[in-house]
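With chain D held as given, fit chain A onto it using these hints.
As given, the protein sequences belong to chains D and A, one line each in that order. So in the numbering used here, the last one in the first sequence is 388, and the numbering has no gaps at all. So in the numbering used here, the last one in the second sequence is 1063, and the numbering has no gaps at all.
Where hints are given, some of them may not hold.
Unchecked claim - Chain D regions said to be covered by chain A (calculated; three or more residues, Cβ under 8 Å):
id : stretch
1  : 159–170
2  : 221–230
3  : 274–281
4  : 343–351
Simulated from the structure, these hints should not be mistaken for laboratory data. Values in this document were obtained by computation on a predicted structure and should not be read as measured data. C-beta: ideal position from N, C-alpha, C; glycine also.
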Amino acid sequence: MGASLDLFAAASAEGAWTVSEVTRRARVVIEAGLPPLWVRGEVTGFKAWRSGHWYFSLRDKSAQIRCVMFRTDNRKLPAPPVDGTQVFVFARPTVYDEKGEFNLTVRELLSTEQGGLWKLAFEKAKAALAKDGLLDPARKRRLPAFPLRIAVVTSPDGAALRDIHVVVTRRWPVAELVLVPAKVQGEGAEASVCAALARLAALGVDVAIVGRGGGAAEDLWTFNSERVARAVAAVPVPVISAVGHETDVTLCDLVADLRAPTPSAAAEAATPDRADVLGHLEHLARRLARGLTSRSQRMVDRLDRTGDRLNGAIAARVEQSRSLLTAYGARLDALSPLKVLARGYAVARDAQGRVLRRVAQLPAGREFRLRVTDGEVGARVSSAPGET
Amino acid sequence: MDFAKELDRLEAIVRELEAEDLDLDAALKLFEEGVERLRAAREQLAQAELKVKKALKVEGSDR
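Extracted from the complex, chain D is given alone in its bound form:
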């Protein structure tokens, strides 16, 4: 009886812990003993709450752990994981006091689907690029409509260069291709492509194509390097990525201003078709000619109208002058001395032709000339005035 009393006393004494104390203590022990770490497992029981927080469990063949990923951490992810996905999480082990539950507070979550650690690296690099705004669609620049210098960053003896050459020759031979040789796969490819990209700024090109022909997916990793992606983003002219893989999108594709499925498609996208451009020029030439013709025709019409008015004005003026002349002519005719002579008057003039009007000019015996209507005769004054 005493023993059981003791037991009871021990259990109920002030030394007993409260639930809160135990969970808090457990949390401290766990957080101190298990610093934040990477955990790999399969997602199960995934649920996104309206608050935006994610709740799920990670499990493997023999165990599972409850996980929570808060909205501030999960909103950086493109999509939530689905149940059954193998993931890596970077998480802090802890104890959730309210439920006395051991769980992981997940800060980062990476899918390991297709490509395992490579994919992991890809996701990490992509997240870093996204964080710096390099994947922002607003960054994408428009390609120049009529490029005169096109840089091609690729292997000098690869299929990509040949394909690009063929397409540009057909569509836009007006341009100049500037080959910037780079090693696109294998050891040192990353550095080689970065160096080639860095040289573009000094080459005075309008647009650049970065690419390689088709190949195995593993060979694409040069173009999945964060360094290469950043070098693409730093090129001052629009860049077309043509990595030659239809299904896998590389980081280089994501950062480039345009992603082309093949080098040929990149060349196609980079150039206008010369025939189209010539057609447009012909169209403009016709409009130019028509514009001037209609303009001159309007001018000619105006001149014609003006000419007609001028002619009309002159004709009227001439007619008016003619009738005036006729009138003046009649009046002049009436005043003509010949008319006066015809009526029987005569004019006396001296030898110099001066008209003799007064008696004083005609002393007796003076010879003078007398003009009558049909001729002139000599005459002499026979007597002084008053003598007759």
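What follows is chain A alone, placed relative to chain D:
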């Protein structure tokens, strides 16, 4: 020559020439400019063979 700018100017000339209010003198000047630009553009497009240049390895030796 910036081909895009050249084409823009050409289009502007045509539009202006097609507009109503323009005296013959100005129209003729525009027409002459248009013809000259058309000629230059056609000439540029006439280049028949694609030029390929290899940017040399040495930095700064490209131009």
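Verdict on chain A covering the stretch 159–170 of chain D, criterion of 3 CB contacts below 8 Å = holds (count 3)
With a C-beta cutoff of 8 Å, work out whether three or more residues of the stretch 343–351 of chain D approach chain A closely enough for the coverage to hold.
-> As far as the stretch 343–351 of chain D goes, the hint is violated, because 0 residues have Cβ atoms under 8 Å from chain A.
Are there three or more residues in the stretch 221–230 of chain D whose C-beta lies closer than 8 Å to some C-beta of chain A?
-> It is violated: at least three residues are needed, and the stretch 221–230 of chain D offers just 0 whose Cβ sits closer than 8 Å to chain A.
Counting residues of the stretch 274–281 of chain D that have a beta-carbon nearer than 8 Å to any beta-carbon of chain A, does the count reach 3?
-> It holds: at least three residues are needed, and the stretch 274–281 of chain D offers 5 whose Cβ sits within less than 8 Å of chain A.
Checked against the numbered hints given earlier, the structure breaks hints 2 and 4 and satisfies all the rest.
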